[in-house]
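Mind docking chains B and C on chain A? Use the hints.
First to last, the protein sequences are chains A, B and C.
Quick note: the first sequence, position 458, residue 458 per this note's numbering, numbers continuous.
Throughout, this note's numbering is defined as the position within the second sequence, counted from one, plus 581.
Throughout, this note's numbering is defined as the position within the third sequence, counted from one, plus 896.
Be aware that one or more of the hints could be misleading.
Here are the computed lysine-lysine pairs in the BS3-like style, where the Cα-Cα straight-line distance is at most 25 Å [as the list claims (entries may be wrong)]:
(1) A:LYS547 <-> B:LYS643
(2) B:LYS807 <-> B:LYS832
(3) A:LYS78 <-> B:LYS845
(4) B:LYS825 <-> B:LYS807
(5) C:LYS988 <-> C:LYS925
(6) B:LYS825 <-> B:LYS838
(7) B:LYS845 <-> B:LYS893
(8) B:LYS647 <-> A:LYS356
(9) B:LYS643 <-> A:LYS356
(10) A:LYS78 <-> B:LYS825
(11) B:LYS864 <-> B:LYS845
(12) B:LYS864 <-> A:LYS360
(13) A:LYS435 <-> B:LYS629
(14) B:LYS629 <-> A:LYS356
(15) A:LYS360 <-> B:LYS643
(16) A:LYS78 <-> B:LYS705
(17) B:LYS705 <-> B:LYS669
(18) C:LYS925 <-> C:LYS1078
(19) A:LYS430 <-> A:LYS356
(20) A:LYS547 <-> B:LYS629
(21) B:LYS647 <-> A:LYS78
(22) B:LYS705 <-> B:LYS832
(23) B:LYS832 <-> B:LYS864
(24) B:LYS893 <-> B:LYS832
(25) B:LYS826 <-> B:LYS790
(26) B:LYS716 <-> A:LYS78
(27) B:LYS826 <-> B:LYS845
So the derived list for chain B, only partly shown, Cβ under 10 Å to chain A, looks like this [said to hold, decoys possible]:
(28) LEU590
(29) VAL597
(30) HIS600
(31) VAL622
(32) VAL624
(33) SER634
(34) LYS669
(35) VAL677
(36) SER727
(37) LYS780
(38) PHE784
(39) TRP787
No wet-lab data here; the hints were simulated from the structure.
Because the structure is a prediction, the values reported are computed rather than measured.
No residue lacks a Cβ here, since even glycine has one placed at the ideal position from N, Cα and C.
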Amino acid sequence: MDTAESNPNLKKVQVQRYKPEEDPENHYLNAEKGIWSWLTTLDHKRIGILYLISITFFFFVGGLMALMIRTELWTPTKTFIQAHTYNELFTLHGSIMIFLFLVPSVPAALGNFILPVQLGAKDVAFPRLNLLSYYLYITGAGIVIWAILSGGVDTGWTFYTPYSIQTSTAVTIMTFGVFVIGFSSILTGVNFITTIHKMRAPGMTWGKISLFTWSLYATSIMQILATPVLAITLALVAMERIMHVGIFDPALGGDPLLYEHMFWFYSHPAVYIMIVPGFGVVSEVITTFSKKHIFGYWAIALSSLAISLISFLVWGHHMFVSGQSAMASMVFSFLTFLVGIPTGIKMFNWAATLYKGSIKLESPLLYIFGFFFLFLVGGITGIVLASIALDVHLHDTYYVVAHFHFVMVGGMVMAFLAGLHYWWPKITGKMYNEKLARFTCVMIFIGFNVTFLPQFIMGAQGMPRRYFNYIEQFQPFHQVSTIGAYILGLGFFTVFLYLVKSLFTGEKAPANPWGSRGLEFQVPSPVPAHNFDHIPVIVHGPYDYHKPMEEFQLGLAEFGNGHGETVDPDIKTGSKEIKAE
Amino acid sequence: MNELSKLFLPPDKSTVAHHYDSLFWFVHISGLILVVGLLAVIVYFVIKYHRSSEDEVTPVIKGDNKLEITWSVIPLIFVLIVFGWGYKLYMQEQTVPDDAYEVHVTGQQWSWGFDYANGAHSQKELHVPAGRPVKLVMTSKDVIHSFYVPSFRLKQDVLPNRYTSLWFNAPDTGRYQIFCAEYCGTGHSQMLGTVVVQKPQDFQTWLAKNKGGASNSNLKPAELGKQIYNQYACSTCHSTDGSKKTGPSWKGLFGSKVQLSSGKTVTADSAYIHESIIHPNAKVVKGFQPVMPNFQGQFDDNQINAIIEYIKTLK
Amino acid sequence: MANHSTATSHADFVQHHFVTADQQFDSAKLGMWVFLVTEILFFGGLFTAYTVLRMTHPDLFAEASTELDTLWGTVNTLVLIGSSLTVAMAIKSAQLNQTKNIAINLGITIVLAFIFLMIKYFNWMHHFSLGIYPGTAYSFTGIDDPHASIFFSLYYLMTGLHGIHVVVGIGVMTWLLVKSLKGQFHSEYYTPLEIGGLYWHLVDIIWIFLYPLFYLIH
Chain A
1 MDTAESNPNL KKVQVQRYKP EEDPENHYLN AEKGIWSWLT TLDHKRIGIL
51 YLISITFFFF VGGLMALMIR TELWTPTKTF IQAHTYNELF TLHGSIMIFL
101 FLVPSVPAAL GNFILPVQLG AKDVAFPRLN LLSYYLYITG AGIVIWAILS
151 GGVDTGWTFY TPYSIQTSTA VTIMTFGVFV IGFSSILTGV NFITTIHKMR
201 APGMTWGKIS LFTWSLYATS IMQILATPVL AITLALVAME RIMHVGIFDP
251 ALGGDPLLYE HMFWFYSHPA VYIMIVPGFG VVSEVITTFS KKHIFGYWAI
301 ALSSLAISLI SFLVWGHHMF VSGQSAMASM VFSFLTFLVG IPTGIKMFNW
351 AATLYKGSIK LESPLLYIFG FFFLFLVGGI TGIVLASIAL DVHLHDTYYV
401 VAHFHFVMVG GMVMAFLAGL HYWWPKITGK MYNEKLARFT CVMIFIGFNV
451 TFLPQFIMGA QGMPRRYFNY IEQFQPFHQV STIGAYILGL GFFTVFLYLV
501 KSLFTGEKAP ANPWGSRGLE FQVPSPVPAH NFDHIPVIVH GPYDYHKPME
551 EFQLGLAEFG NGHGETVDPD IKTGSKEIKA E
Chain B
582 MNELSKLFLP PDKSTVAHHY DSLFWFVHIS GLILVVGLLA VIVYFVIKYH
632 RSSEDEVTPV IKGDNKLEIT WSVIPLIFVL IVFGWGYKLY MQEQTVPDDA
682 YEVHVTGQQW SWGFDYANGA HSQKELHVPA GRPVKLVMTS KDVIHSFYVP
732 SFRLKQDVLP NRYTSLWFNA PDTGRYQIFC AEYCGTGHSQ MLGTVVVQKP
782 QDFQTWLAKN KGGASNSNLK PAELGKQIYN QYACSTCHST DGSKKTGPSW
832 KGLFGSKVQL SSGKTVTADS AYIHESIIHP NAKVVKGFQP VMPNFQGQFD
882 DNQINAIIEY IKTLK
Chain C
897 MANHSTATSH ADFVQHHFVT ADQQFDSAKL GMWVFLVTEI LFFGGLFTAY
947 TVLRMTHPDL FAEASTELDT LWGTVNTLVL IGSSLTVAMA IKSAQLNQTK
997 NIAINLGITI VLAFIFLMIK YFNWMHHFSL GIYPGTAYSF TGIDDPHASI
1047 FFSLYYLMTG LHGIHVVVGI GVMTWLLVKS LKGQFHSEYY TPLEIGGLYW
1097 HLVDIIWIFL YPLFYLIH
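For reference, chain A alone in the conformation it holds in the complex:
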């Protein structure tokens, strides 16, 4: 093996161990005081918290709408609201959950916080752009609320033309709101790509970055390529409504199928934008709680990039019965089957990671197992829908509704909750009630299945989606589903309650409550204002559980005190040579 003496390209660096302080007096939460310091912060950690609060708020707004929808569906005819109100509710439920919750959830709330720390950086590449992203999100959200107050929207979150052009509801305002939120997403993508490329600590090669980082990288690529297309598509819908330009309206010589193609060109990658960060969380939690190296690091990392690429080639599977050509449908179907393979590869690699591990079933891992079952079912039903022939019967039925809730809620939300629990001690410096967390995880799992399993069956029997009224034979399924929805809602609300309670009464969290080798767990809980008081030096990857913890806490021995003066380091005796692999 080359040493620094034999190979001039290798560098010998003198490093020192920086053990994280327990129960630090100064950290990012108390570095600056007052609400103004929060609203004008450039600290990626505070911006992450702002996002977390905002997405939580909108999750519950969207969730409330879901409960109203399910309550209305208790009886086959009108239960307590009008058809028009019902149509607005499912439109807003979808739009809010997708644009104001799912898309930003892991990247903006957790990623903003954790990514720079995992990379050994002091912040993202563009902190001011980061704050701008947040304010674009808030502005867009405000415009969406304005749309709701202006009478709401009743087109479905898909805004299909020509109905979206003809309806008198607040479509123009709504599309403007989504347009603005889209730019929040795009700028976050720009920030993350640059950060991952340029801000890694010394020694952190591409083979040593965390799989969470890889997932954010793959997600950011999709965000920057897909979201602008949604933005222009919705802008054109607005132009069509205001000026009747005739691009999508067949009466004016336009093409409604063009709209569908442009819309789904974004919205298919969008579903991967939503789930891939969740995949990143799975890798982190499975390795930490089985104290074992990930099985198939490069398989998982590269499969995320494969998904990024192939996700752009499958949008037509939302349009099999739309009137697009048979040839197009066949190509899209074939590619859709292919895009399932990288995801399958991940699942097998995660399962293999557990083999001969040292597994502790703490709440983050429990949420991940919930993810496993639910996402697997959701994914298989995606394979069903990828077949054109099978999709013809199932398209626009509750089977599709069940499929996407399994992958988005059963998959993504479970992964998000896993990540939230996993990094909660790091973010807040507090531990939550572990027993309650496990209990609630099981409650959510049960509630979820009761809500959505019946929907597969009634979908296969022909129950169409977006139906205010339905024929009597479907009532038992709807009623079971509604009961499940209330259990699920209660579960989510319980999570909110015990996490908030932990802020006030939780035990103080150690720097590394889980024994993780991740870089973010080698700094104090809560994180210091500038993340690191040294430049970290990376010799191992984040899954090298066979290496001693000290070797993950190394930093440059030379350091300055911030005013251009070099200070003599206090080098500990008994240092040894470590070869970075």
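Only chains B and C this time, still in chain A's reference frame:
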């Protein structure tokens, strides 16, 4: 297998449906095996490799290329099989037999209209002969709809300014549900219909009886009006028993005072009803949405008169 | 407590979270390139709509294109290319520490950008006077096609969106001009010039695609 099929799928009532169900079950059963298998492995690992002490050391297993290839190639083969099978079935669905009987379908907010080769017309009910290929040529008058018959396992979007088509062969007589499967506004879930599959001679009889549409001169005006009320699905939005639906009830309507959304009050006389049919949004009743479809050009004066006469009988 | 853990002292133009000036410059460039990719996708949607509509209305597009003034379209193209040149010269001046020339080149860029907008303004006003408006306001009778307004609606949408980007570019150039007059750019630091220049080149390139698609259809 059949019992299971009955729980999950409607009875298969087209020649294609049976093949559909085979593929459906193949993919679902395979999927179930995968889910149960993978979960069993995980549960086994969780139990067997439960952490016994915090000092436990795990072996360094970074990967295994052979395993990686195996679990990439086997799923790939599986999906290729599913793709191939589905492709064959799809091509069958796309290839219309030469002797198919054509019916024109018009979707509009919120009902289905059917026009037959001999000039017959029906609204809401699609009559077809059993055991013979039928081709539907479809278009929409307004927004995108979708023609869906779960029992046939068939669906096709219906677009404005464009024609799409769908063919099927229904061997058994019976009545089968039609749904609109593309969200199209307030009345989307009301846009129902029925496929009435008849024995060929019954179908011919029905065709002859309904030739020339709803204008059957043997009926008295009020009876003709009632037939139109049913055939053109006015019942979707207008009740005859006083209950409020998407539109006002016809019971007691004629001659009554009606308050409009503009604030004005008018009398529901013949002129008012005539205008409501051909310019529905000219006068919208207070408390209702301006969503009534426009029937201008669909009815001649004789038919409109018949509708008015029918309404007069609803006291 | 040390929070700048680097042996080299930070120049005041290097932001706190960067270790070296090079890292900052490289990051800014990468960030801007990634952003430009998003702009290409953004306009790409419109180019896609153009492609589809032109394929379904080929004769309309050919005929309607003759209503556009090719001479002024060509002038505008040269104006924009010229402004890209002056932006590149401004960056070169910074690299050579010719601080006065930075401001001069930026100034010329801004003037050229204004000329572009003015020509576009007069173009549009002329079209309006003939009744060529977007969408249903279209009242021009010179083209025998019921969907004639589609071509012009696309024209207004695409050159309009491009025009908005030119206006933003003028804002960016002005801000850079102010900073350069304050002497903030020199051979050690000209990052904002570099990334502002990249943005401006994109605005130019988009026009270079718009120009033949609208003005040069045969």
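A quick look at each hint next to the structure:
1. Distance check on the hinted pair: LYS547 of chain A and LYS643 of chain B sit about 14 Å apart at the alpha-carbon level, within 25 Å; holds.
2. A hinted pair counts as satisfied when its Cα atoms are at most 25 Å apart, and LYS807 of chain B with LYS832 of chain B qualifies at roughly 13 Å.
3. A C-alpha spacing of about 30 Å is found between LYS78 of chain A and LYS845 of chain B, which places the hinted pair above 25 Å, so the restraint is violated.
4. Of the pairs offered as hints, the one joining LYS825 of chain B and LYS807 of chain B holds, with about 19 Å between alpha carbons and a cut-off of 25 Å not exceeded.
5. With a C-alpha separation of about 16 Å, the suggested pairing of LYS988 of chain C with LYS925 of chain C holds against the 25 Å cut-off.
6. Pair hint LYS825 of chain B plus LYS838 of chain B holds up; C-alpha atoms about 17 Å apart against a cutoff of 25 Å.
7. Distance check on the hinted pair: LYS845 of chain B and LYS893 of chain B sit about 23 Å apart at the alpha-carbon level, within 25 Å; holds.
8. With a C-alpha separation of about 19 Å, the suggested pairing of LYS647 of chain B with LYS356 of chain A holds against the 25 Å cut-off.
9. At most 25 Å may separate the alpha-carbon atoms for a hinted pair to count; LYS643 of chain B and LYS356 of chain A meet this at roughly 12 Å.
10. Restraint check: the Cα-Cα separation between LYS78 of chain A and LYS825 of chain B comes to about 12 Å, which is no more than 25 Å; the hinted pair holds.
11. Annotation: proposed proximity of LYS864 of chain B to LYS845 of chain B holds, straight-line Cα distance about 9 Å (limit 25 Å).
12. As the CA atoms of LYS864 of chain B and LYS360 of chain A are separated by approximately 70 Å, the hinted pair breaks the 25 Å bound.
13. Restraint check for LYS435 of chain A and LYS629 of chain B: the C-alpha separation of about 23 Å stays at or below 25 Å, so the hint holds.
14. For the suggested pair LYS629 of chain B and LYS356 of chain A, the alpha carbons sit about 8 Å apart, so the restraint of at most 25 Å is met.
15. Straight-line distance between C-alpha atoms of LYS360 of chain A and LYS643 of chain B comes to about 20 Å, which keeps the hinted pair within the 25 Å bound.
16. Of the pairs offered as hints, the one joining LYS78 of chain A and LYS705 of chain B holds, with about 22 Å between alpha carbons and a cut-off of 25 Å not exceeded.
17. Distance check on the hinted pair: LYS705 of chain B and LYS669 of chain B sit about 32 Å apart at the alpha-carbon level, beyond 25 Å; violated.
18. Between the alpha carbons of LYS925 of chain C and LYS1078 of chain C the distance comes to roughly 23 Å, so the proposed pair stays at or under 25 Å and holds.
19. For a cut-off of 25 Å, the pair hint linking LYS430 of chain A to LYS356 of chain A is broken: about 31 Å separates their Cα positions.
20. Taking the CA atoms of LYS547 of chain A and LYS629 of chain B, the gap is near 24 Å; set against the 25 Å cutoff, the hint holds.
21. Of the supplied pair hints, the one linking LYS647 of chain B and LYS78 of chain A is violated, its CA atoms being roughly 58 Å apart against a limit of 25 Å.
22. Distance check on the hinted pair: LYS705 of chain B and LYS832 of chain B sit about 23 Å apart at the alpha-carbon level, within 25 Å; holds.
23. A C-alpha spacing of about 19 Å is found between LYS832 of chain B and LYS864 of chain B, which places the hinted pair at or below 25 Å, so the restraint holds.
24. Proposed proximity of LYS893 of chain B and LYS832 of chain B is supported: the alpha carbons are some 9 Å apart, at most 25 Å.
25. Distance restraint check for LYS826 of chain B and LYS790 of chain B: the Cα-Cα separation of roughly 31 Å exceeds the 25 Å cut-off, and the hinted pair is therefore not satisfied.
26. Distance check on the hinted pair: LYS716 of chain B and LYS78 of chain A sit about 36 Å apart at the alpha-carbon level, beyond 25 Å; violated.
27. For the suggested pair LYS826 of chain B and LYS845 of chain B, the alpha carbons sit about 22 Å apart, so the restraint of at most 25 Å is met.
28. Residue-level restraint check for LEU590 of chain B holds (minimum Cβ-Cβ distance to chain A is 5 Å; threshold 10 Å).
29. The beta carbon of VAL597 of chain B is positioned within 10 Å of a beta carbon in chain A (closest approach about 9 Å), and the interface hint is therefore held.
30. Because the closest C-beta pair between HIS600 of chain B and chain A is about 8 Å apart, less than 10 Å, the hint holds.
31. Annotation: interface hint on VAL622 of chain B holds; nearest CB of chain A at approximately 6 Å, less than 10 Å.
32. Satisfaction of the interface hint for VAL624 of chain B is found here, the shortest Cβ-Cβ separation to chain A being roughly 9 Å, below the 10 Å cut-off.
33. Interface restraint check: SER634 of chain B against chain A, minimum CB-CB distance 8 Å, threshold 10 Å, status holds.
34. Proximity of LYS669 of chain B to chain A holds as hinted, the smallest CB-CB distance being about 8 Å (cut-off 10 Å).
35. Violation of the interface hint for VAL677 of chain B is found here, the shortest Cβ-Cβ separation to chain A being roughly 12 Å, above the 10 Å cut-off.
36. With 10 Å as the threshold, the beta carbon of SER727 of chain B comes within range of chain A, its nearest partner Cβ sitting at about 6 Å, so the hint holds.
37. Here the hint on LYS780 of chain B is broken, as its CB sits about 25 Å from the closest CB of chain A, past 10 Å.
38. At about 24 Å, the closest approach between the beta carbon of PHE784 of chain B and any beta carbon in chain A exceeds 10 Å, and the interface hint on this residue is violated.
39. For TRP787 of chain B, the interface hint is violated, the least distance from its beta-carbon to any beta-carbon of chain A being 25 Å, above 10 Å.
When the structure is compared with the earlier hints, violations turn up for hints 3, 12, 17, 19, 21, 25, 26, 35, 37, 38 and 39 and for no others.
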